[in-house]
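There are 2 protein chains.
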Amino acid sequence: MSLYNKLKTDLQAGRFAPGTILKQKALAEQYQVSRIPVRDAILKLKNEGWLTDHGKCGVAVPEFDALEVEDIYLMRMRLEPLLQELALPRLNSEVLGRAEDILAQMERSPISAADIGELNWQFHACLYQAAQRPTLYAVVKHLHRQCQRYIGYQSLSLNYQSRSQAEHHALLDALRARDGKLAERLLREHISEAGQALVKFLR
Amino acid sequence: MSLYNKLKTDLQAGRFAPGTILKQKALAEQYQVSRIPVRDAILKLKNEGWLTDHGKCGVAVPEFDALEVEDIYLMRMRLEPLLQELALPRLNSEVLGRAEDILAQMERSPISAADIGELNWQFHACLYQAAQRPTLYAVVKHLHRQCQRYIGYQSLSLNYQSRSQAEHHALLDALRARDGKLAERLLREHISEAGQALVKFLR
DNA sequence: GCCAAAATAAATGTATACATTTTCAGATGA
DNA sequence: TCATCTGAAAATGTATACATTTATTTTGGC
Numbered sequence: 001m002s003l004y005n006k007l008k009t010d011l012q013a014g015r016f017a018p019g020t021i022l023k024q025k026a027l028a029e030q031y032q033v034s035r036i037p038v039r040d041a042i043l044k045l046k047n048e049g050w051l052t053d054h055g056k057c058g059v060a061v062p063e064f065d066a067l068e069v070e071d072i073y074l075m076r077m078r079l080e081p082l083l084q085e086l087a088l089p090r091l092n093s094e095v096l097g098r099a100e101d102i103l104a105q106m107e108r109s110p111i112s113a114a115d116i117g118e119l120n121w122q123f124h125a126c127l128y129q130a131a132q133r134p135t136l137y138a139v140v141k142h143l144h145r146q147c148q149r150y151i152g153y154q155s156l157s158l159n160y161q162s163r164s165q166a167e168h169h170a171l172l173d174a175l176r177a178r179d180g181k182l183a184e185r186l187l188r189e190h191i192s193e194a195g196q197a198l199v200k201f202l203r
Numbered sequence: 001m002s003l004y005n006k007l008k009t010d011l012q013a014g015r016f017a018p019g020t021i022l023k024q025k026a027l028a029e030q031y032q033v034s035r036i037p038v039r040d041a042i043l044k045l046k047n048e049g050w051l052t053d054h055g056k057c058g059v060a061v062p063e064f065d066a067l068e069v070e071d072i073y074l075m076r077m078r079l080e081p082l083l084q085e086l087a088l089p090r091l092n093s094e095v096l097g098r099a100e101d102i103l104a105q106m107e108r109s110p111i112s113a114a115d116i117g118e119l120n121w122q123f124h125a126c127l128y129q130a131a132q133r134p135t136l137y138a139v140v141k142h143l144h145r146q147c148q149r150y151i152g153y154q155s156l157s158l159n160y161q162s163r164s165q166a167e168h169h170a171l172l173d174a175l176r177a178r179d180g181k182l183a184e185r186l187l188r189e190h191i192s193e194a195g196q197a198l199v200k201f202l203r
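Note that the protein sequences, when read in sequence, are chains S and L. Sequential numbering from 1 applies to the first sequence in full-length UniProt numbering. Sequential numbering from 1 applies to the second sequence in full-length UniProt numbering.
Bear in mind the hints are in silico, worked out from the structure with no lab data behind them. You may find that some hints are simply not true.
Since the list gives no way to pick out one identical chain from another, each pair is judged satisfied if it fits inside one copy or across any two copies.
Derived pair list, reagent style BS3-like, types lysine-lysine, alpha-carbon separation capped at 30 Å [unchecked claim]:
no., residue 1, residue 2
1, Lys-200, Lys-56
2, Lys-44, Lys-181
3, Lys-181, Lys-8
4, Lys-200, Lys-8
5, Lys-46, Lys-200
6, Lys-25, Lys-44
7, Lys-6, Lys-181
8, Lys-6, Lys-56
9, Lys-46, Lys-8
10, Lys-46, Lys-181
11, Lys-46, Lys-141
12, Lys-44, Lys-6
13, Lys-181, Lys-25
14, Lys-200, Lys-25
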């Protein structure tokens, strides 16, 4: 496992408080490697939003930023329905079945908060990939990953989780019925509600 | 000037044919540096779409991909009007004046194709930045930069350029008049036409 | 002659050492 | 007292050397 993965895991787990400033040398010693792999990992993590430049020297673990979350959800609300629409004609029973399986997995308790987030993405990703639009998919995936940074810290209320799960089932039904308009609306609302819940939590 | 900038300039100028496979050692010798800065530059350029992984070994200059362009313009059509709408209430005479100046610069001939692309971005960026939405702005900027890769190779027809410029003026007028609906429609059409022209050119 | 497997070559990943840049505490002067 | 300059310490950038992984060629067997 590369240092990049280790560092990302630790960031996702919240082992570095927001605002913490990380130095290459300190990280190298902490993880028992030289500074070269540290530099590589930092470069990648900066691109993914897990770290930000801190002036000319060092990188910082970004603070929580409600405005950033708002932006991300605004974008998701516009891009994900588009991607789903492009996927709709290509959704066959195999893909729909896989989506169903993932939903079933999410209902098996107990399950960690981090796993819920991952499975949630797996569910949508499985549908999105059917569109065979790598570029659009890559951007949507990137936005999801950005959200993970925030979701990782909070444990979603059980109340929210069950509503979210109901929405997943409704969405899947609409897709099965080839009701594009309905599916689009359901997805937009699904994202909107998740975004509002997260922004509310952050303030 | 860092190697990253040098390499990017050369890629933007089309000095590496699409499909070319680049090796770290070869690049290091070509640019007279060690492999460390080469690795850093490659990592960044991969993230920006200027290079793609080539199996387990080496990176490739990506081929032209009409589907990628289509995706990018579909996204831009949905994100840029949103960003402009958020910017509208904050557009003051200073920002509008700067936008006007940039338009004037674009009309000064002669001007290179690369400069037109850059000025075109400056025009929209100047308006977008007024929204003060760094996250949304960053994604839009990224999509623009991706387009540059394609635009760099073609020299736009004069016919298209004059129409595009007329659209810029119409857009600016709508913004000055605080007509959000009109500005949104004009921008969406502006992007749509640019996308269609580019996709048509690529096929 | 063709395929598989070992040996060789080449490319990338990483460690150490050194160069350059940036930071910051403390001295100096107005 | 405050701003600014300066020099040491610290951080990042880069080169070289070595380790590991991946690609290619060669060789042996069928």
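Each hint, compared with the structure:
| no. | hint | result |
| --- | --- | --- |
| 1 | Lys-200 - Lys-56 | neither (34 Å within a copy, 44 Å between copies) |
| 2 | Lys-44 - Lys-181 | neither (38 Å within a copy, 39 Å between copies) |
| 3 | Lys-181 - Lys-8 | neither (38 Å within a copy, 42 Å between copies) |
| 4 | Lys-200 - Lys-8 | within (26 Å within a copy, 41 Å between copies) |
| 5 | Lys-46 - Lys-200 | within (26 Å within a copy, 36 Å between copies) |
| 6 | Lys-25 - Lys-44 | both (17 Å within a copy, 21 Å between copies) |
| 7 | Lys-6 - Lys-181 | neither (42 Å within a copy, 48 Å between copies) |
| 8 | Lys-6 - Lys-56 | both (25 Å within a copy, 21 Å between copies) |
| 9 | Lys-46 - Lys-8 | both (11 Å within a copy, 19 Å between copies) |
| 10 | Lys-46 - Lys-181 | neither (37 Å within a copy, 36 Å between copies) |
| 11 | Lys-46 - Lys-141 | both (16 Å within a copy, 16 Å between copies) |
| 12 | Lys-44 - Lys-6 | both (13 Å within a copy, 20 Å between copies) |
| 13 | Lys-181 - Lys-25 | neither (54 Å within a copy, 53 Å between copies) |
| 14 | Lys-200 - Lys-25 | neither (38 Å within a copy, 51 Å between copies) |
The earlier numbered hints that this structure contradicts are 1, 2, 3, 7, 10, 13 and 14.
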